[in-house]
Amino acid sequence: MLSDKDVCMDVVKDLKYISFMETVFAAEASPDLKPLFLGQLRDHEDLHTQLLRLMEQRGWYPRVPGDWAFNEPYTLQGTGAWQAPQASGTWQPTPTGAWQAQASTSTTGPSWQATQPAGGSWQTTSTLQALQQNLRESR
Amino acid sequence: MLRDLDLINHTAHEIQLLMNKASFLAQQVQDPVVRHLLHDAARMHQRHLATLSTARAQLQQQLGSTQPTLQQLAGPAGQSGARWTQ
Numbered sequence: 001m002l003s004d005k006d007v008c009m010d011v012v013k014d015l016k017y018i019s020f021m022e023t024v025f026a027a028e029a030s031p032d033l034k035p036l037f038l039g040q041l042r043d044h045e046d047l048h049t050q051l052l053r054l055m056e057q058r059g060w061y062p063r064v065p066g067d068w069a070f071n072e073p074y075t076l077q078g079t080g081a082w083q084a085p086q087a088s089g090t091w092q093p094t095p096t097g098a099w100q101a102q103a104s105t106s107t108t109g110p111s112w113q114a115t116q117p118a119g120g121s122w123q124t125t126s127t128l129q130a131l132q133q134n135l136r137e138s139r
Numbered sequence: 001m002l003r004d005l006d007l008i009n010h011t012a013h014e015i016q017l018l019m020n021k022a023s024f025l026a027q028q029v030q031d032p033v034v035r036h037l038l039h040d041a042a043r044m045h046q047r048h049l050a051t052l053s054t055a056r057a058q059l060q061q062q063l064g065s066t067q068p069t070l071q072q073l074a075g076p077a078g079q080s081g082a083r084w085t086q
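Protein sequence lines correspond, in order, to chains L and X.
Just so we're aligned, residue 1 is where the first sequence starts under my numbering, counting upward by one.
Just so we're aligned, residue 1 is where the second sequence starts under my numbering, counting upward by one.
Calculated directly from the structure, the hints in this document are not laboratory data.
Beta carbons: idealized from backbone N, C-alpha and C, even for Gly.
The following label-pair restraints were derived from C-beta to C-beta distances:
| hint | chain 1 | residue 1 | chain 2 | residue 2 | range |
| --- | --- | --- | --- | --- | --- |
| 1 | L | Asp43 | X | Ala57 | 20 to 26 Å |
| 2 | X | Gln30 | L | Leu52 | 16 to 22 Å |
| 3 | L | Thr49 | X | Gln58 | 29 to 35 Å |
| 4 | X | Gln16 | L | Glu56 | 25 to 31 Å |
| 5 | L | Ala27 | X | His36 | 29 to 35 Å |
| 6 | L | Pro35 | X | Asn9 | 16 to 22 Å |
| 7 | L | Lys34 | X | Ala50 | 15 to 21 Å |
| 8 | L | Gln132 | X | Val33 | 48 to 54 Å |
| 9 | X | His36 | L | Leu135 | 55 to 61 Å |
| 10 | X | Ser23 | L | Leu52 | 20 to 26 Å |
| 11 | X | Asn20 | L | Glu45 | 19 to 25 Å |
| 12 | X | His39 | L | Ser30 | 32 to 38 Å |
| 13 | L | Gln132 | X | Met1 | 57 to 63 Å |
Generate coordinates for the entire structure from the input sequences, incorporating the hints supplied.
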């Protein structure tokens, strides 16, 4: 017997497949038929968005904010110990590990905010400056 | 046009499967929100199927008016090979 989470994960895979297929078909179809495939693609992606939001609310599809790695490419403090919340039906915004980011516990939903170091600037900047200095000196 | 028809047939086949699956899964899940979403998905697939069916009928009509008959393909008596003159 599939759980609700399993069903949702399966439907997500189906939607990914059908979206991919319609993207390819829209590119392959004649100009008259292209809008038909693109319109259906949009409907499926809207449904995909709704489903992902629902799953995220229930903790079935936790998403790690991508800008952690973007903002701090060299200073990630964690050692890969970030753990997704348990899928217990309610969202538990309490990641474990040593990331320099904190989960908000507001009642409006899960939101994430990176914590800036006390020095006022990212360590990335000084790391990059040191690399550039080293490069200049080695020339 | 033949390629369009093939694309439509393939899409309709896949969407038919997804519609049946969504209807079946909607009866299996416990969460009413998920069930509602799956019902919406099934209705959406049904609407898409109707659109695809209309497009397929139009394409077949166009193809039927331009497609050569078997006699035309066979060519005149005594002449071998097909001719695409129409």
